[in-house]
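Top to bottom, those sequences are chains A and B.
Here the first sequence stands for residues 1 to 174, numbered as in the working numbering.
Here the second sequence stands for residues 1001 to 1476, numbered as in the working numbering.
Do not rely on the hints blindly, as some may be mistaken.
Now the stretches of chain A that chain B is said to cover, found in silico as 3 or more residues with beta-carbon under 8 Å [unchecked claim]:
| no. | stretch |
| --- | --- |
| 1 | 63-77 |
| 2 | 86-95 |
| 3 | 115-128 |
| 4 | 149-157 |
Ranges between beta-carbon positions, derived for each pair [as the list claims (entries may be wrong)]:
| no. | chain 1 | residue 1 | chain 2 | residue 2 | range |
| --- | --- | --- | --- | --- | --- |
| 5 | B | K1282 | A | K4 | 43 to 53 Å |
| 6 | A | N128 | B | V1035 | 32 to 42 Å |
| 7 | B | G1062 | A | P88 | 31 to 41 Å |
| 8 | A | K126 | B | R1134 | 43 to 53 Å |
| 9 | B | F1317 | A | G85 | 26 to 36 Å |
| 10 | A | A25 | B | I1372 | 35 to 45 Å |
| 11 | A | I48 | B | L1159 | 40 to 50 Å |
| 12 | B | L1159 | A | K170 | 51 to 61 Å |
| 13 | A | F58 | B | N1034 | 43 to 53 Å |
| 14 | A | E144 | B | I1363 | 35 to 45 Å |
| 15 | B | A1042 | A | W74 | 47 to 57 Å |
It should be emphasised that the hints constitute simulated quantities derived from the structure, not laboratory data.
On a predicted model such as this, the values are computed, not experimentally measured, just so you know.
Note that beta-carbon positions come from the ideal geometry of N, C-alpha and C, so glycine has one too.
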Amino acid sequence: MNKKFVLGIYDDEDVLLTAIENIRAAGTNIYEVFSPYPVHGIDDVLGIKRSRLPIVAFFGGLTGMSFALWMQIWMMGFDWPMIIGGKPHISLPSFIPVTFELTVLFSAFSMVITFFIVSKLRPSLKVNVFDKRSTDDKFVMAIEVKDGVTNMDALNDLLRSNGAIEVNEKEVVK
Amino acid sequence: MQHVSPIREPLVTGGKTYHDITEDVCRQVEAKPNVRWAAALAVALVGLAIFIYSVYRTLWYGIGEWGLNKTVGWAWDITNFVWWVGIGHAGTLISAILLLFRQKWRTSINRAAEAMTIFAVICAAMFPVLHMGRPWLAYWVLPLPNTFGSLWVNFNSPLLWDVFAISTYFSVSLVFWYIGLIPDFATIRDRATGPIARRAYAVLSFGWTGSAKAWSRYETVSLILAGLATPLVLSVHTIVSMDFATSVIPGWHTTIFPPYFVAGAIFSGFAMVLTLMIITRKVFFLEHYITLEHVESMNKVIILTGSIVGVAYTTEFFIAWYSGVEYEQYAFINRAFGPYWWAYWSMMTCNVITPQLFWFRKIRRSLTATFIISIFVNIGMWFERFVIIVTSLHRDYLPSSWAMFSPTMIDIGVYVGTIGLFFTLFLLFTKFFPVVNMAEVKSILKSSSEVNAHHGKAATMHATDKDLNSNTHRNE
């Protein structure tokens, strides 16, 4: 099914933030906002919740740490114990470096892989950019149009009165 | 929005707009290779050819091709390894530690510095692998079951810690660098006209659209990765220093090695960043993004870390005397006044004396002086590792086995070759990848550019107000 969007184009981050607040206050649902760089404060006005990715990183790190400790203790202490420099088989202080490195490795990779999956980022030729200027110098606010429900003129006025420099329509083939 | 003191120097000069940033950074990616770049690549490829030849000789005839002997078992190889790993550290310091400290000046240099990290670690990894003599068995360093031919690896050995440290460091740095590149690849993709460029950058950009939710996650991921990379980078050179410090060789068996090595690594890394950035900003006309303010900030880091290194050299000497251990004392006297006195004093001159010139603001802000001093630091830090490794080994407890080390042509070839490899990779990076992080520079433009400093908060950064930005375009 094709979806229709109205795109409000902005050229200043502060104008954009005020516009988002006003438009949401007017009861209009904002589908998505695209920007060329991370705009600080946009999460609050758009109502985006804090990402839970740090939790993934924490549990990834915990897994890495447990795995590293288990691996070293089992290999050095149980599977093939050897006396090295007269030290105990399970000498935890010398296991710290490898444990630390694997904690970091698991933590970073689990978080990054989750980030790619949840943000649907993967190598692909297909690109769904609403307005190509949004990766250059413009901020694009997309509002979904529901046939028969959305009053186009009112929406246009709302966007323009809140500082949009352009208002365009865009149809997305799903 | 963050308050920025008006006294602060702008980080982006020339009244740039968001679109100007895109244009200035994408220019060399989109334009035909320029002559200076092609000439530089030709030189780098000669270096790469030397590398390939030297590696071929090393592999075909064995490491007997190197100048190592029974007494000096580690020399140029490990010196080069530590030198390259150290250089890599500045990239992570800039991208991770300065991110945690919210230093905005990192934004225009972090991309190139991180690229430098990755390429330097690749060069570093060559040495221990080649030194194995049989690199096709390099996978034996992994903990593989005994049926693969060896016993379990020895987790008590710092050399094995190194394997884990360097490979984790490389992987995490690569991921961190790539995540930062994704939005910029999207910018290039959306501007690309050629079919190959459009497809290539579409794949590289992972379908990035720049939605608010994605940016929110991106920022979280960057922050957490920075938090992970900070202790990681400190651990890497700590572990490298333990290769020496956990042994019982006089001159190596020192508890100050970890902090001393980490400071040295950051010191040499910043020198290399300066060497590269001073050239890059000139060749690619990025003077408005990598300003004298950036150079000065980096020079301040160099004075700090250079002084730490100087204190470490002195402390080592003092402790050798104070310990009352005859062998320890001899190792240090031999370093400074023995047959390798020239290496020791080159190290002292380049690392301790020259960076102190940066106390003068004039020198700190002079590109020529900075460039020359950065080369001195690069040389000095190479000598530091040479001094630590060779002077400690060449005269051991048994005078009948004392020896000197002299490099062969192959030793020199592998070293010069890795410089060629490094520059080949770096030059390819500058041509095909955006050398400045566009998205991050755009995000500081409003608070830290000249437009704001001169025109107050109301000024806009947009091409529509071009009158604000007259006479600023070099290539228009």
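Verification of the supplied hints:
Proximity of the stretch 63-77 of chain A to chain B, defined as three or more residues with a beta carbon under 8 Å from a beta carbon of that chain, is established by the 4 residues found. Residues of the stretch 86-95 of chain A with a Cβ under 8 Å from some Cβ of chain B number 4, which satisfies the need for three, so the listed coverage holds. Residue count for the stretch 115-128 of chain A with a Cβ under 8 Å from a Cβ of chain B: 13. That meets the three needed, and the coverage hint holds. Only residues whose beta carbon comes within less than 8 Å of a beta carbon in chain B count, and the stretch 149-157 of chain A has 0; fewer than three means the coverage is violated.
For the pair K1282 (chain B) and K4 (chain A), the supplied restraint of 43 to 53 Å holds, since their beta-carbon distance comes to about 50 Å. At roughly 39 Å, the beta-carbon separation of N128 (chain A) and V1035 (chain B) lies within the given 32 to 42 Å, and the hint holds. Under the hint 31 to 41 Å, the C-beta atoms of G1062 (chain B) and P88 (chain A), about 38 Å apart, fit the expected range. A hinted range of 43 to 53 Å for the beta carbons of K126 (chain A) and R1134 (chain B) is consistent with their spacing of about 46 Å.
One distance hint, 26 to 36 Å for the beta-carbon pair F1317 (chain B) and G85 (chain A), holds here, with the actual separation near 29 Å. Checking the proposed 35 to 45 Å range against A25 (chain A) and I1372 (chain B) shows it is violated: the Cβ atoms sit about 60 Å from each other. Take I48 (chain A) and L1159 (chain B): their Cβ atoms lie about 47 Å apart, and the range 40 to 50 Å holds. At roughly 59 Å, the beta-carbon separation of L1159 (chain B) and K170 (chain A) lies within the given 51 to 61 Å, and the hint holds.
At about 47 Å, the CB distance of F58 (chain A) to N1034 (chain B) agrees with the hint of 43 to 53 Å. Evaluation of the 35 to 45 Å hint for E144 (chain A) and I1363 (chain B) yields a failure: the beta carbon distance comes to about 59 Å. The beta-carbon spacing between A1042 (chain B) and W74 (chain A), approximately 53 Å, falls within the hinted interval of 47 to 57 Å.
Of the numbered hints stated above, those contradicted by the structure are hints 4, 10 and 14, listed in ascending order.
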